[in-house]
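Trainee: Residues per chain, in single letters:
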Amino acid sequence: MTVLTGRLQKIDRRETLRYLGYTKSVADMGGAQALIDGCEEEVLAVQDLKAVYSLFDISRGECLDLGFARTDSRDLAKYLQGCGRLALFAATAGSGIDRLIARYSRLSPARATVVQALGAALIEEWCDKVHASLMAQYGAIAARFSCGFGDLPLSLQRDIFSALDVTKKIGVTLSDDCFMTPTKSVTAIVGIKI
Amino acid sequence: MTFRQKLKKGIVLMDGGMGTMLQQLGLPLGALPEEWNITRPQVIEDIHSQYIAAGADVVYANTFGANCIKFGDRTEEVVRAGILCAKRAALGTGALVALDVGSLGKMLAPLGDLPFEEAVGIFKRTISAGVKAGADLVAIETMNDVYELKAAVVAAKEVCSLPVLATLVFGADGKTMTGTSPEAAVALLEGLRVDALGLNCSLAPAQMEGAVRRMLAVSSTPVVVKPNAGLPRDEGGKTVYSLGADDFARDIASLVKLGARVVGGCCGTTPEYIKKIKLALQGVEAKAVGRKNLTVVSSYTHARYFGAIPVLIGERINPTGKKRLKEALRSGDMAYILGEAVSQAEKGAHILDVNVGLPEIDEPAVLSACVSEIQAVTDLPLQIDTSDPAAMERAMRIYNGKPLVNSVNGKREVMDAIFPLVKKYGGTVIALTLDEEGIPPTAQGRTAIAKKIIREAVRYGIKKCDLIFDTLAMAVSADGTAAVAALESLSYIRHTLGCNTSLGVSNISFGLPNRDFINSTFFAMALARGLSAAIINPNSHEMIKTYKSFLALSGRDENCLGYIAYASSVTSSVTATAAQAQAAADDDLQGAIIKGLKARAAECAAQLLKDNAPLDVINAHIIPALDDVGDKFEKKTLFLPQLLMSAEAAGAAFDVIKGSFSGAAQSKKLKVVVATVKGDIHDIGKNIVKTLLINYGFTVFDLGRDVDPQKVADEVKRTGAQVCGLSALMTTTVQSMARTIELLREQCPDVKIVAGGAVMNAEYASAIGADVYCKDAMATVRYCEELEKLLS
Numbered sequence: 001m002t003v004l005t006g007r008l009q010k011i012d013r014r015e016t017l018r019y020l021g022y023t024k025s026v027a028d029m030g031g032a033q034a035l036i037d038g039c040e041e042e043v044l045a046v047q048d049l050k051a052v053y054s055l056f057d058i059s060r061g062e063c064l065d066l067g068f069a070r071t072d073s074r075d076l077a078k079y080l081q082g083c084g085r086l087a088l089f090a091a092t093a094g095s096g097i098d099r100l101i102a103r104y105s106r107l108s109p110a111r112a113t114v115v116q117a118l119g120a121a122l123i124e125e126w127c128d129k130v131h132a133s134l135m136a137q138y139g140a141i142a143a144r145f146s147c148g149f150g151d152l153p154l155s156l157q158r159d160i161f162s163a164l165d166v167t168k169k170i171g172v173t174l175s176d177d178c179f180m181t182p183t184k185s186v187t188a189i190v191g192i193k194i
Numbered sequence: 001m002t003f004r005q006k007l008k009k010g011i012v013l014m015d016g017g018m019g020t021m022l023q024q025l026g027l028p029l030g031a032l033p034e035e036w037n038i039t040r041p042q043v044i045e046d047i048h049s050q051y052i053a054a055g056a057d058v059v060y061a062n063t064f065g066a067n068c069i070k071f072g073d074r075t076e077e078v079v080r081a082g083i084l085c086a087k088r089a090a091l092g093t094g095a096l097v098a099l100d101v102g103s104l105g106k107m108l109a110p111l112g113d114l115p116f117e118e119a120v121g122i123f124k125r126t127i128s129a130g131v132k133a134g135a136d137l138v139a140i141e142t143m144n145d146v147y148e149l150k151a152a153v154v155a156a157k158e159v160c161s162l163p164v165l166a167t168l169v170f171g172a173d174g175k176t177m178t179g180t181s182p183e184a185a186v187a188l189l190e191g192l193r194v195d196a197l198g199l200n201c202s203l204a205p206a207q208m209e210g211a212v213r214r215m216l217a218v219s220s221t222p223v224v225v226k227p228n229a230g231l232p233r234d235e236g237g238k239t240v241y242s243l244g245a246d247d248f249a250r251d252i253a254s255l256v257k258l259g260a261r262v263v264g265g266c267c268g269t270t271p272e273y274i275k276k277i278k279l280a281l282q283g284v285e286a287k288a289v290g291r292k293n294l295t296v297v298s299s300y301t302h303a304r305y306f307g308a309i310p311v312l313i314g315e316r317i318n319p320t321g322k323k324r325l326k327e328a329l330r331s332g333d334m335a336y337i338l339g340e341a342v343s344q345a346e347k348g349a350h351i352l353d354v355n356v357g358l359p360e361i362d363e364p365a366v367l368s369a370c371v372s373e374i375q376a377v378t379d380l381p382l383q384i385d386t387s388d389p390a391a392m393e394r395a396m397r398i399y400n401g402k403p404l405v406n407s408v409n410g411k412r413e414v415m416d417a418i419f420p421l422v423k424k425y426g427g428t429v430i431a432l433t434l435d436e437e438g439i440p441p442t443a444q445g446r447t448a449i450a451k452k453i454i455r456e457a458v459r460y461g462i463k464k465c466d467l468i469f470d471t472l473a474m475a476v477s478a479d480g481t482a483a484v485a486a487l488e489s490l491s492y493i494r495h496t497l498g499c500n501t502s503l504g505v506s507n508i509s510f511g512l513p514n515r516d517f518i519n520s521t522f523f524a525m526a527l528a529r530g531l532s533a534a535i536i537n538p539n540s541h542e543m544i545k546t547y548k549s550f551l552a553l554s555g556r557d558e559n560c561l562g563y564i565a566y567a568s569s570v571t572s573s574v575t576a577t578a579a580q581a582q583a584a585a586d587d588d589l590q591g592a593i594i595k596g597l598k599a600r601a602a603e604c605a606a607q608l609l610k611d612n613a614p615l616d617v618i619n620a621h622i623i624p625a626l627d628d629v630g631d632k633f634e635k636k637t638l639f640l641p642q643l644l645m646s647a648e649a650a651g652a653a654f655d656v657i658k659g660s661f662s663g664a665a666q667s668k669k670l671k672v673v674v675a676t677v678k679g680d681i682h683d684i685g686k687n688i689v690k691t692l693l694i695n696y697g698f699t700v701f702d703l704g705r706d707v708d709p710q711k712v713a714d715e716v717k718r719t720g721a722q723v724c725g726l727s728a729l730m731t732t733t734v735q736s737m738a739r740t741i742e743l744l745r746e747q748c749p750d751v752k753i754v755a756g757g758a759v760m761n762a763e764y765a766s767a768i769g770a771d772v773y774c775k776d777a778m779a780t781v782r783y784c785e786e787l788e789k790l791l792s
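Chains as they are written, first to last, in my numbering: chain P, 1 to 194; chain H, 1 to 792.
Worth flagging that the hints you see were computed from the coordinates, not collected in a lab. Beta carbons are placed, not taken as given, at the ideal position from N, Cα and C, and that holds for glycine. One or more of the hints may lead you astray.
Unchecked claim - Distance condition first, Cα-Cα at most 25 Å in a straight line; then the derived DSS-like pairs of lysine-lysine: (1) H/Lys424 <-> H/Lys464; (2) H/Lys238 <-> P/Lys129; (3) P/Lys24 <-> H/Lys775; (4) H/Lys124 <-> H/Lys157; (5) P/Lys10 <-> H/Lys175; (6) H/Lys451 <-> H/Lys464; (7) H/Lys6 <-> P/Lys24; (8) H/Lys463 <-> H/Lys451; (9) P/Lys24 <-> H/Lys632; (10) H/Lys775 <-> H/Lys752; (11) H/Lys595 <-> P/Lys24; (12) H/Lys632 <-> H/Lys424; (13) H/Lys636 <-> H/Lys775; (14) H/Lys238 <-> P/Lys193; (15) P/Lys24 <-> H/Lys635; (16) H/Lys132 <-> H/Lys157; (17) H/Lys287 <-> H/Lys6.
As the list claims (entries may be wrong) - Here are a few chain H residues that sit away from chain P, every Cβ distance over 10 Å (derived from the structure): (18) Asp73; (19) Thr142; (20) Ala217; (21) Glu373; (22) Lys423; (23) Asp479; (24) Met525; (25) Lys595; (26) Leu640; (27) Gln747; (28) Ser766.
Just chain P, with the same shape it has in the complex (with noise of 0.2 Å):
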């Protein structure tokens, strides 16, 4: 089990707009240009980028055996196929975003929206590096796969909070319904080739 921390300078502003509908049709980004590079620097001020990965082996026998759980999702089997090991990894970026959006709801909704485009942002900037550092390490595949795709359920989000020791290594909860606090968290596989 190994565990990672992390610090970003800038926000990538593209995926960032992404979240928040933008489309060329746009005419003029008026004040919400300002409004977002506020937002930046207040989400960028309370990141706090931690992640915990570990390898498994997989079998196959009747049903798909990850090594920390077994599943029979056909979605996963095929994104692992001519793989022999995996990489599970859960990351955050912390809950000071899940405060400012807290906050803002409550002030804001132009501010919340926008810090809660940010942080999702953030967040997946952040697991691609770990993923590149994967990948580099052990040469994983390029693509990832979390529950809730195709047919992998929520419920698999207990096992690899046990099978990782989330909550205690990087403090992220998990609710009854299987939704992690802090919100801008993300748990994931990577397959390895054999």
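Starting from the known structure of chain P, arrange chain H on it as the hints suggest.
Mentor: The following block gives chain H in isolation, referenced to the frame of chain P:
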């Protein structure tokens, strides 16, 4: 020897990791370690024995995750078995057994979905079982969130009188994950009167040094350190930790030399580590803890100390004499109250007073709701201000931090009601120098009451430093000696009794014109005599001017930098506002709303109201502007942030209009209930819908998120709403939306149901029985406008 005796005597050596050991012994990944208390008790007992043989004075029972979320009805059995394993190992060795209480793995509301009281209940169940099985102490550990830690400590205090040891996880940045500083953690935990406090997990001992030093500097309670053996990494499929036993023990010894008194290990440490610590500590003297006598309050992020720099307490959230706030409290207009909180924070208040005392409201409910809402928008510590002990207790219980409590006085009845609460929940108390006889006219009379209050507080174990005396500023217009009496008693209490002081400054000018003149001069006089805190209006330029100047003049502002920054911000904000005004002056109300300029929109609305009826301003200016923005949004020539900025600008204009005419500003008949369905805590989309609907003049009742179906139906019945908007973001909560719709159909057959949210589409919505699917907030507005036409 008991744990408390051991703590007093010297260094207490704890054990090391349990989980790491169990994995090495073949605990399958993902299996619950506590199961082994029952299935393989010998293994657990053996690990404890190894730690005791290594020199541990205390072992943590294998109960870290033994709570009813994971074990349900087996909780008691698992806890009992865990304690018994440890007790068997400890038998005859003198080692003590701690009930280990870990995080529940769920985030507490408001950030997560676990209510505070529910968390307290879950912890109580585990702790009761541990006490019954014979634990010697309760060790609450590995908490990322100080609020969850508070719930666990409150639970422990309510079920037993065993010693409590409480440790949090700190990051390398010196804060917990939820942003708590070491000083804030100490303030909260000392308030709750734990026996030892500190940090565990996550970091190596050397990385903890900064946070440990900060805790030691302010803590009068022994400090605990249980670090990890460095960082974990994968090595050939096995998890190994970066720090060996020798280095670990050496680094622990240096933390003990700094003053840590309770030490051990967390993840990655083994009996070998504990043995090495024992060796490294030979001949090392425990450092005395020492009373720090600090007067402090805290929020969930930081602590605020009284004494060196005078503290400003914002008085704006107190309905006395404030018509707009009274109205907001009666109508449940939280937005206005939160706006007051944020603006006082921006003006430089250090603490916010929260008083909601109105005869016709349910004060306990409203006060605690306000406290938790205000804590969601600002990280300033709060002063809980009420004369109702029930309201005080409820608010102190759910407050995330150590509050300032307003107030106690020399009356027996009040002391009997308030001091037990302070003893239980922690708090620094404002003590008014009055009693059954009233307010003594002389300084001598007031200081006599102060002494009486100190004596009584000590009986509850409340130290002098947890009292702040308010010597009562009374109207100088009624009594010419009022200011002198307040100042002389203040000076005596500050300098002779050595306690901190506070004043509600503006009372002094009651009945006089231009009250700020008198207030600011009295404020300056009081500061010069040793005032430690003042309840003032932070929006008052005169008061802030006096405060900043005083800091510079009294040598509390190095190189006058604070004063210079303040003074130049005053000039620059004047010029900047002028420049902005110039630039924006071209925009009329419509233009300001379209561009999303809040301040300008409010200004224009005020201007228009001089010659126009309020409804005309809404219909001729605001609605057309919103329509224009809505059209552009639908045509995608502007995007979501712009739509919302315009909505906020329109909202600012509405606020101005609301102030100018009685009755509702709503111009439409349609009423809408909105809610995010049960099980779903995502409410941004729902909030956007609400904002736009209000802007368009509809009356909106917002039930918030994670709302029970029956509550939705009840609200529709109560309000007579014609439309109910439901939002769901997750696939798992679509079912919950379906249940809500079913119930609405049964109980409120006439209501039109709008479904929305990320997982919805027209097909789904009709399948679960909604009247319509709206893809975004504008679509909801359009739908409601159609229905409105049918109504009129």
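Trainee: Each hint: holds or not?
Mentor: Results of checking the hints against the structure:
no., hint, verdict
1, H/Lys424 <-> H/Lys464, "holds, 17 Å"
2, H/Lys238 <-> P/Lys129, "holds, 23 Å"
3, P/Lys24 <-> H/Lys775, "holds, 20 Å"
4, H/Lys124 <-> H/Lys157, "holds, 9 Å"
5, P/Lys10 <-> H/Lys175, "holds, 22 Å"
6, H/Lys451 <-> H/Lys464, "holds, 10 Å"
7, H/Lys6 <-> P/Lys24, "violated, 70 Å"
8, H/Lys463 <-> H/Lys451, "holds, 13 Å"
9, P/Lys24 <-> H/Lys632, "holds, 13 Å"
10, H/Lys775 <-> H/Lys752, "holds, 16 Å"
11, H/Lys595 <-> P/Lys24, "holds, 19 Å"
12, H/Lys632 <-> H/Lys424, "violated, 57 Å"
13, H/Lys636 <-> H/Lys775, "holds, 14 Å"
14, H/Lys238 <-> P/Lys193, "holds, 20 Å"
15, P/Lys24 <-> H/Lys635, "holds, 12 Å"
16, H/Lys132 <-> H/Lys157, "holds, 15 Å"
17, H/Lys287 <-> H/Lys6, "holds, 14 Å"
18, Asp73, "holds, 17 Å"
19, Thr142, "violated, 6 Å"
20, Ala217, "holds, 24 Å"
21, Glu373, "violated, 7 Å"
22, Lys423, "holds, 31 Å"
23, Asp479, "holds, 43 Å"
24, Met525, "holds, 37 Å"
25, Lys595, "violated, 6 Å"
26, Leu640, "violated, 5 Å"
27, Gln747, "holds, 25 Å"
28, Ser766, "holds, 24 Å"
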